[in-house]
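Trainee: Listed here are the chains, written in short residue letters.
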Amino acid sequence: MTLDPIKFIFELNELPENYKDAPQNKVREAVTSFFKNYFRPIGGEVAVEFKDDLVTVQWFPSSLAETEKAVDEAVNLLEKGKVYQGEIILAELYKRFPAHPVILFNYGMILSDKGKLNEAIDLLSKLIEINPEDYRGLNALAVAHIRKGDREKARSELEKSYQLNPEDPYTLRNLGSLVANESPEEALSYFEKAVELLPDDPQTQYGYGLCLKELGRYDEADPILKRIAELSPYTDLAERAKSARNEIASITMRRETGTEPRIDAVMYCLAALKKFNELGNQKAQTITYEIAMLGRDGLNINNPEKKYTLKSMPGEFTGMQLISYMYVGLKQMDPNLDPGIDLENEYKTALDMFGKE
Amino acid sequence: MNQETKKIINKVEQVTGYRVSVGSDTGFSGQALMITASPQQPVHSITVNQKYSNIGDYIVAMQCAMILVKWSDPENIPDFAVKDNKVSHQIDKYSKDRKLEKFPPDKTHQFVKSIVMGLMHQLISQPVEMIAMDICKEECPGLKDIMETSINNTILALHQNLDPKIRQITPTDLFEKNNAMNAALALNWVRMSENEHLLVPFKTVGILDKGKELLKIFDSVPVSDKQRYTKTVDGWADKLQLSSLYTWKYRNA
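These protein sequence lines map, in sequence, to chains A and B.
The opening position of the first sequence corresponds to residue 30 in this note's numbering, with each subsequent residue numbered one higher.
The opening position of the second sequence corresponds to residue 15 in this note's numbering, with each subsequent residue numbered one higher.
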């Protein structure tokens, strides 16, 4: 088992009383020696730095003099999601080896992910100066420029990367993402290649699915977007993919009726108005809450065969039925709420009918 | 979603009779937001902070384990209720601390309020987290790696609370209570893992022994005790002199 690196800071005056009157150089020696002795049995390297009364103690699992091993350990930590730990090692390595390409690449990417974009661009630009043909570095530099809002510079770096390696899936993916808004057709050509090379990469699949959606190829887009939640759960990407699928469901729902209200949804909204009127506000809110929570995993509104049950209301319901109930419940709580699906015509028609009854 | 995470979700649904809804979002601190089900809100809602998506399966499993802890006795589900007037009194008292003399009075009050409320949150959340860690280790062995990532990350973040900049502006008593609970959490993890070196920062600033006292209280309540959670919170509160600041309200599932 590899232990994680640690870093902490304390004040000299937090030391026990018997250190208080000792000369400063003796105290520093004693502190350094204490930590070196403490960590000796588990190996690695200890760094103790003094600045005024503050002491920074760091421990690394490998000696930083064994640079390649330490770099590998840092990269391994990053891959495991231990970004803070990886950063501790890389930050110290960068201080000692400021022109090491792997350190520049990985530390530059961490800084970029943390939003320290100027520093990231400095490091990644330095990497490109050292190795102008590093297409992965160019790619990372382009991402930092995109995050900074400089699309022109990003495009220029990505094109250089593409010339160096037109088969690099990350370059293809990033080029696709960069041009997707202006030209989904052009973006699609990049994504089609990228998904072959990165079949399980959620960002690539998302970009590809979104392009297909923008081009009106809904039947192809939906299963691709559906897969994002499996590939990358608990992420913003998964939530955006869900929203895109909701849009597709709304568009598909409207395909048959155009701007006319859907009769089944009108009847469900009317039933909800009656039911909520009968049950009162509190019970209506309970039902609405339960449907909204159930809907986080997605409700199929275009398949009348699929049935759902609720704890707060007996019976079996179709997805469209539940969405209609939720729509009515939310609009009754606050007419300005956005229920995430457009049933405005159906709701208004149902309200008219309810008023007349 | 990991199969073991699905399994523990199913267990929660069976034990409590309510569905579990899982989503993700941003804009809040901590690893997750959880609302336990009640007759008015008949779904357990778990929202994972997208910042921690890489350990999302473990976060969901932990939240489920915490629900199981709270529902150990479905006829007496404990809800922690802060006594506002008593807490306000504490906030006023600590706002006069010498360390805060240089702060403008309005900011002092706000700052102390955030620490005291944070302390109360810590008091109810850390014991349940420690019990839930045991459950996760038992029920979800396949999540071992991300469990280690999650807890190591948490403890490294707790080390930052020992930073002298924080110590200089935090009333000593509050600083020690906060870090004693953190040290207890770290001690509990260290005996489950082999990461003893994670204790060094607590030891260096002399807080480890206070953590050991809290761990002893945690260990004194039998694992089989249905009130293990509330008894541990009460034991810690006694030790940290926080008992007068809250009360328990019990509800039926």
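It should be emphasised that the hints constitute simulated quantities derived from the structure, not laboratory data.
Be aware that a few hints might be false.
[Stated by the list, open to error] Straight-line distance between alpha carbons at most 27 Å, and here's what the computed DSS-like set of lysine-lysine pairs gives:
no.	chain 1	residue 1	chain 2	residue 2
1	B	Lys21	A	Lys255
2	B	Lys20	A	Lys255
3	B	Lys100	B	Lys127
4	B	Lys263	A	Lys312
5	A	Lys255	B	Lys25
6	A	Lys336	B	Lys65
7	B	Lys21	A	Lys335
8	B	Lys158	A	Lys98
9	B	Lys25	A	Lys336
10	B	Lys127	A	Lys340
11	A	Lys189	A	Lys145
12	A	Lys143	B	Lys65
13	A	Lys55	A	Lys65
14	B	Lys263	A	Lys109
15	B	Lys100	A	Lys109
16	A	Lys109	B	Lys116
17	A	Lys340	B	Lys116
18	B	Lys65	A	Lys177
19	A	Lys55	B	Lys217
20	B	Lys116	A	Lys80
[Said to hold, decoys possible] Over the 12 Å line for every Cβ pair with chain A, so calculated as not near, a few chain B residues:
no.	residue
21	Asp39
22	Asp120
23	Met134
24	Asp148
25	Thr218
26	Trp262
All residues carry an ideal CB built from backbone N, CA and C; glycine is no exception.
Trainee: If you draw a straight line from the CA of A:Lys255 to the CA of B:Lys25, is it 27 Å or shorter?
Mentor: The hint holds at about 26 Å.
Trainee: Under the criterion that the straight-line Cα-Cα distance not exceed 27 Å, is the pair B:Lys100, B:Lys127 satisfied?
Mentor: Distance of about 12 Å is within 27 Å: holds.
Trainee: Given the hinted pair A:Lys55 and B:Lys217, is their Cα-Cα distance within 27 Å?
Mentor: 21 Å, holds
Trainee: Quick one, are A:Lys109 and B:Lys116 close enough, alpha carbons at most 27 Å?
Mentor: 43 Å, violated
Trainee: Measure nothing beyond the straight line between the CA atoms of B:Lys100 and A:Lys109; if it is 27 Å or shorter, mark the hint as holding.
Mentor: Judged against 27 Å, a Cα distance of about 44 Å means the pair is violated.
Trainee: Looking at B:Asp39 again, its CB stays over 12 Å from all of chain A?
Mentor: At roughly 7 Å from the nearest Cβ of chain A, B:Asp39 sits no farther out than 12 Å, so the non-interface label is violated.
Trainee: A cut-off of 12 Å on Cβ-Cβ distance, and B:Asp148 was said to be off the interface with chain A. Does that hold?
Mentor: About 20 Å separates B:Asp148 from the closest Cβ of chain A, which puts it past 12 Å; holds.
Trainee: Does the structure keep B:Lys20 and A:Lys255 at a Cα separation of 27 Å or less?
Mentor: Holds, because 18 Å separates the two Cα atoms, which is no more than 27 Å.
Trainee: Would you check whether the claim that B:Met134 is not at the interface survives, using Cβ distances to chain A and the 12 Å cut-off?
Mentor: 26 Å, holds
Trainee: Could you grab the alpha-carbon distance between B:Lys263 and A:Lys109 and see if it respects the 27 Å cut-off?
Mentor: 41 Å, violated
Trainee: Hint check: B:Lys127 vs A:Lys340, CA-CA at most 27 Å. Holds or violated?
Mentor: Not satisfied, since the Cα-Cα distance of roughly 39 Å exceeds 27 Å.
Trainee: For a C-alpha distance cap of 27 Å, please report whether A:Lys189 and A:Lys145 respect it.
Mentor: 24 Å, holds
When the structure is compared with the earlier hints, violations turn up for hints 6, 10, 14, 15, 16, 17, 21, 25 and for no others.
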